[in-house]
Amino acid sequence: MPDLVAMGGLNTSLLIGMQALEVSEGALNATSNNIANSNTPGYTREIPEISETPETVSGGTVTGGGVSLDGLQSVRDELLNLQIQQQTSAQSGADTESSALEQIQTNFASTGNDIASTFSAFSSSLAQLSASPSSTAAQAGVISSGQNLAESFNTAANSLTAEQSAMNTQVTQTVAQINSLTQQIAQLNGQVSQLTAAGQDGGTIEDQRDELVQQLSQLTGISVTQSSDGEVITTGNGTPLVMGSQSYSLQTTTGSNGMQHVLDSNGTDITATLQGGTLGGSIQVRDHVIPSYLTQLNTLASQFASAFNAAQAKGFGSNGNAGQNFFSVPANGAGAAAGITVSITDPSQIAISSDGAAGSNGNVANLSAALTNALPSGQTPSQAYANLVFQVGNDASNASTQSTAIGQNILQLTNQQSSVSGVSIDEETTNLIRYQTAYEAAARIVSTIQQLGTVTLDMGSSQSY
Amino acid sequence: MRVNPNMVPDILADLQQSQTAVNTSLQEVATGKSVNVPSDNPVAASDMVQNTIETANVDQYTQNVSSTLSMVQTADSSLGSVVTSLTQAISLGTEGANGTNNSTDLQEIATQVQGILQSVVAQANTSYQGTYLFGGTETASTPYTASAASSSGYAYNGNNDTNSVAVGDDMNVQVNLPGSQIFSSSNTDVLGSLSSLVSALQSGNSSQIQTATSGVTTALNYVSQQRVFYGNAVSQMNLQETSLQQETVSLTSQQSNLIDVNEAQAATELSQAETANNAAEAAAAKVLPDTLLNFLVPTQ
Numbered sequence: 001m002p003d004l005v006a007m008g009g010l011n012t013s014l015l016i017g018m019q020a021l022e023v024s025e026g027a028l029n030a031t032s033n034n035i036a037n038s039n040t041p042g043y044t045r046e047i048p049e050i051s052e053t054p055e056t057v058s059g060g061t062v063t064g065g066g067v068s069l070d071g072l073q074s075v076r077d078e079l080l081n082l083q084i085q086q087q088t089s090a091q092s093g094a095d096t097e098s099s100a101l102e103q104i105q106t107n108f109a110s111t112g113n114d115i116a117s118t119f120s121a122f123s124s125s126l127a128q129l130s131a132s133p134s135s136t137a138a139q140a141g142v143i144s145s146g147q148n149l150a151e152s153f154n155t156a157a158n159s160l161t162a163e164q165s166a167m168n169t170q171v172t173q174t175v176a177q178i179n180s181l182t183q184q185i186a187q188l189n190g191q192v193s194q195l196t197a198a199g200q201d202g203g204t205i206e207d208q209r210d211e212l213v214q215q216l217s218q219l220t221g222i223s224v225t226q227s228s229d230g231e232v233i234t235t236g237n238g239t240p241l242v243m244g245s246q247s248y249s250l251q252t253t254t255g256s257n258g259m260q261h262v263l264d265s266n267g268t269d270i271t272a273t274l275q276g277g278t279l280g281g282s283i284q285v286r287d288h289v290i291p292s293y294l295t296q297l298n299t300l301a302s303q304f305a306s307a308f309n310a311a312q313a314k315g316f317g318s319n320g321n322a323g324q325n326f327f328s329v330p331a332n333g334a335g336a337a338a339g340i341t342v343s344i345t346d347p348s349q350i351a352i353s354s355d356g357a358a359g360s361n362g363n364v365a366n367l368s369a370a371l372t373n374a375l376p377s378g379q380t381p382s383q384a385y386a387n388l389v390f391q392v393g394n395d396a397s398n399a400s401t402q403s404t405a406i407g408q409n410i411l412q413l414t415n416q417q418s419s420v421s422g423v424s425i426d427e428e429t430t431n432l433i434r435y436q437t438a439y440e441a442a443a444r445i446v447s448t449i450q451q452l453g454t455v456t457l458d459m460g461s462s463q464s465y
Numbered sequence: 001m002r003v004n005p006n007m008v009p010d011i012l013a014d015l016q017q018s019q020t021a022v023n024t025s026l027q028e029v030a031t032g033k034s035v036n037v038p039s040d041n042p043v044a045a046s047d048m049v050q051n052t053i054e055t056a057n058v059d060q061y062t063q064n065v066s067s068t069l070s071m072v073q074t075a076d077s078s079l080g081s082v083v084t085s086l087t088q089a090i091s092l093g094t095e096g097a098n099g100t101n102n103s104t105d106l107q108e109i110a111t112q113v114q115g116i117l118q119s120v121v122a123q124a125n126t127s128y129q130g131t132y133l134f135g136g137t138e139t140a141s142t143p144y145t146a147s148a149a150s151s152s153g154y155a156y157n158g159n160n161d162t163n164s165v166a167v168g169d170d171m172n173v174q175v176n177l178p179g180s181q182i183f184s185s186s187n188t189d190v191l192g193s194l195s196s197l198v199s200a201l202q203s204g205n206s207s208q209i210q211t212a213t214s215g216v217t218t219a220l221n222y223v224s225q226q227r228v229f230y231g232n233a234v235s236q237m238n239l240q241e242t243s244l245q246q247e248t249v250s251l252t253s254q255q256s257n258l259i260d261v262n263e264a265q266a267a268t269e270l271s272q273a274e275t276a277n278n279a280a281e282a283a284a285a286k287v288l289p290d291t292l293l294n295f296l297v298p299t300q
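Going line by line, the protein sequences match chains A and B. Once you know that position 334 of the first sequence is 334 in the numbering used here, the rest is easy, because the numbers rise by one and skip nothing. Once you know that position 240 of the second sequence is 240 in the numbering used here, the rest is easy, because the numbers rise by one and skip nothing.
Take the hints with a grain of salt, since some may be wrong.
[As the list claims (entries may be wrong)] Covered stretches of chain B (in silico footprint by chain A; criterion: 3 or more residues with CB under 8 angstroms from a CB of chain A, positions within the stretch not fixed):
#1 60-72
#2 188-195
#3 210-219
#4 288-297
[Stated by the list, open to error] Okay, the calculated beta carbon distance ranges per label pair:
#5 THR53/A to ALA13/B: 25 to 31 angstroms
#6 PRO289/B to SER249/A: 43 to 49 angstroms
#7 GLY59/A to PRO289/B: 55 to 61 angstroms
#8 ALA313/A to SER67/B: 25 to 31 angstroms
#9 GLU78/A to GLU274/B: 30 to 36 angstroms
#10 THR275/B to SER249/A: 39 to 45 angstroms
#11 ASN294/B to LEU79/A: 55 to 61 angstroms
#12 ASN387/A to ASN238/B: 56 to 62 angstroms
#13 SER227/A to GLN19/B: 52 to 58 angstroms
#14 SER67/B to THR106/A: 36 to 42 angstroms
#15 THR53/A to PRO289/B: 39 to 45 angstroms
If you're looking for bench data, these hints aren't it; they were derived computationally from the structure. Predicted model, so just to flag it, every value in this text is computed and none were measured. Note that the Cβ used here is the ideal one computed from N, Cα and C, for glycine as well.
With the sequences and hints as input, model every part of the structure.
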C-alpha cells in the first residue's frame with residue numbers, strides 16, 4: 001500500500017474508491033443474504049463488519065487509508081437460546097401429557113357409557129327390584145345393567161392400558177430421534193470449533209446446530225454448556241449426549257414390567273431421571289399418571305365386587321339357593337378393572353330374598369347398601385369414582401394450562417430473540433438504499449479519478465483542447 | 001432497543017387465542033353445556049358423578065313410590081271390604097242371638113255368614129299384578145286354601161315375613177303384613193271367629209251365638225287396628241313422593257349450576273369472542289403486508 005501512496009494522490013483516491021466498491025458489494029451481499037433468509041427457521045441475521053483502514057502520515061501530510069470489510073458477524077444471544085431450549089423442553093413435556101390426558105379423560109366424561117352412568121343404572125335397577133322382586137323383567141334388568149357396569153370398567157381400564165402402550169412406543173421412537181439428532185449436532189460441533197479455531201464466525205453452521213439443538217430440546221430436557229471444543233449437551237441429570245464432536249447414543253431395553261427402559265451409553269438405566277420433552281412427558285404419563293389411575297380403578301372394581309358379592313351371600317336367589325358371587329374379578333387384584341365380569345346368568349340367582357321365599361325382597365336392601373356403603377378404602381364407590389374423575393380432569397386441565405403458560409413464555413423469549421437476531425425487511429431495505437448510494441458514490445469516485453487521470457496525461461499535449 | 005421485526009408468531013398466537021375463544025363459546029352454545037370433558041371443570045365433573053347416580057335413583061324411587069302406593073292402596077281397600085263384611089256378620093250374629101228366629105231362619109243366617117267368611121277369604125287372597133298381598137313373602141302361592149284339618153276350615157300357606165321397598169336413600173317402607181298376622185293370628189283369629197259364628201248359628205244356641213258374635217266384634221276391632229298400618233304406609237309414601245319431587249328439583253338445579261351454560265351469557269360471550277377474533281384478523285391483514293417497499297417509488 002505505501003508504494004501505491006508513493007505513486008501519488010490520484011492513485012490513492014482510486015484505491016480508496018475501489019475499496020469502497022468492494023465493501024459496498026460485501027455489504028449488499030450481506031443484505032441480500034439476510035433478505036433471502038428472512039423466513040428461514042433458525043437463521044440469524046448477519047451484519048457486515050466495516051472498519052476504516054489506518055491513515056498514513058507522510059511528511060506531515062495525513063492521508064486517509066480508506067475502508068475495509070473485516071467479515072460478516074451473526075447477531076445472536078446465546079443466553080436467550082438457552083432459555084428458549086429449556087422452555088421448549090418443558091412445553092413439549094406438558095404437551096405430551098396434555099394430549100395423552102385429553103384422550104384418557106374422554107373415558108371419564110359423562111357419555112352414557114361411562115362408569116358413573118352405568119353405576120347409576122345398576123343402582124336404579126336394584127331399586128326397581130325392591131318394588132318388584134318377582135318381576136323377571138326387573139331381575140333381568142339387574143343382570144344386564146350389572147354387565148354394562150362391568151363392561152364400562154373393562155373399557156376404561158383397557159383404554160388406559162392402550163394409551164400406556166402408545167406412550168411406550170413413543171419412548172422408543174423418541175430415543176431413536178434423539179440419537180439421530182445428537183449425531184448430527186456432534187458433526188456440526190466439530191465444524192464450528194474448526195471455524196472458531198481459525199478465528200472465523202460460525203455463521204450458518206452455528207445456525208444449523210442451534211436449530212438442531214432446539215429440536216433436541218423438544219424431545220428431552222437438556223443442559224447445554226460451552227467448552228473449548230464446542231458445545232457439551234447432557235440430559236437434565238447430566239447423562240452426556242454430545243461432547244464436542246463426539247455423540248453418545250441412548251439405548252432402550254424391555255424392562256421386567258414389559259415397558260421400554262432408557263439406558264445411557266454405559267448401559268445405566270436412566271428412565272426415572274429423564275424429565276421434559278416428549279420423552280420425559282411420555283415416561284411421566286406411562287410410569288406415573290396412568291398406573292395411578294389404573295390402581296384406583298382396580299381397587300374400586302375389586303373392593304366393590306367383594307362388597308356386592310358379600311351382600312349376595314347374605315340372601316337367597318328366587319330359586320331358593322344361597323346367593324353366589326354376582327361379580328367375578330381376577331384373583332390378582334392388578335387386573336380387577338379390566339377383568340371384572342358378571343358371573344351369574346340366571347336371574348333366579350340374584351339374592352333378592354332374605355328368607356328363601358321367592359316373593360321376598362329382604363336382601364335387596366343389602367345389595368343396594370353395597371353401592372352406598374364405604375368400601376375398605378374408606379370411600380363409597382361413587383366417592384371413589386368421583387375422586388378419580390376429579391383427578392383426571394384436574395391433571396388434564398393443569399397440563400394444558402401449563403402448556404399455554406409456557407407457550408406465552410416462549411413467545412416472549414422468541415420475540416426477544418427475534419428482536420436481536422431476526423431479519424427486518426425495513427431495515428434491510430434501508431441498508432440496501434444506503435449501500436446502493438455508497439456503491440454509486442464510490443463508482444463515481446473511480447470514474448472521476450479516471451477522467452482526472454486522462455486530463456493529467458493530456459496536460460503535455462497542445463492538441464488536447 | 002431493536003424492535004422485533006417479525007410479527008408473524010405474535011399475530012399467529014393472537015389469532016389462535018381468539019379462535020380458541022370462539023370455538024369454546026360455540027361449543028358451549030351448541031351443546032348447552034359448559035362441562036363437556038372433566039378438564040373443563042374438574043370439580044363440577046366430579047360432583048356430577050354423585051348427581052347422576054342420585055338423579056337416576058330418585059327417578060326410580062319415585063316410580064317405586066307410585067307402584068307401591070297402588071299396591072298398598074289395594075291392600076287397604078281389601079281390608080276395608082273385610083271390615084264391611086265383619087260388620088255385616090256382627091249384625092247377622094246379633095239378629096241370630098235375639099231368640100226370635102226359628103231353626104230355618106238360623107240356618108239361613110248361618111249360610112249368609114258362611115258367604116261372608118268366603119268373601120273375607122277371597123279378600124285375604126287378593127293379588128296385585130300377580131303377587132298375593134297377604135301371604136307374607138310367599139307371594140306366588142294362594143295364602144288361604146280350604147282345609148278340613150284347620151278349625152276355621154282354611155289353612156294359611158304363606159309365611160310370617162314382610163317386604164320393604166326402597167323409596168329413598170336409607171329409607172325402606174314396609175309394604176305388607178302377613179295374612180297370619182291379619183286373618184289368622186293366634187290371638188285374634190278373624191277367619192276362626194266367623195267359622196265359630198257359623199257353627200253357633202247352626203247349633204241354634206243363643207248364648208253360643210252371642211259369644212261368637214262378640215268374638216267377631218273383637219276380630220273387627222283387631223282388623224281395624226291392623227288396617228292402620230296400611231293407612232300409615234300410604235301417608236308415609238305420599239309424604240315421600242313430595243320430598244322426592246323436591247329432591248328432583250334440587251338435583252336438576254344442581255346439575256344446571258354445575259354443567260349447564262347460561263344461554264344468554266354464552267350467546268354474549270360468543271358474540272364477544274367473534275368480535276375479538278374479527279378485530280385480530282383485521283389487524284393482522286392491515287399490519288402484515290406493510291414494509292418500507294410499499295412506499296418506495298421504483299426508479300425507472
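Quick rundown of the hints versus the structure:
no.	hint	result
1	60-72	holds (count 6)
2	188-195	violated (count 0)
3	210-219	violated (count 0)
4	288-297	holds (count 4)
5	THR53/A to ALA13/B: 25 to 31 angstroms	47 angstroms, violated
6	PRO289/B to SER249/A: 43 to 49 angstroms	47 angstroms, holds
7	GLY59/A to PRO289/B: 55 to 61 angstroms	59 angstroms, holds
8	ALA313/A to SER67/B: 25 to 31 angstroms	28 angstroms, holds
9	GLU78/A to GLU274/B: 30 to 36 angstroms	43 angstroms, violated
10	THR275/B to SER249/A: 39 to 45 angstroms	54 angstroms, violated
11	ASN294/B to LEU79/A: 55 to 61 angstroms	36 angstroms, violated
12	ASN387/A to ASN238/B: 56 to 62 angstroms	38 angstroms, violated
13	SER227/A to GLN19/B: 52 to 58 angstroms	45 angstroms, violated
14	SER67/B to THR106/A: 36 to 42 angstroms	37 angstroms, holds
15	THR53/A to PRO289/B: 39 to 45 angstroms	42 angstroms, holds
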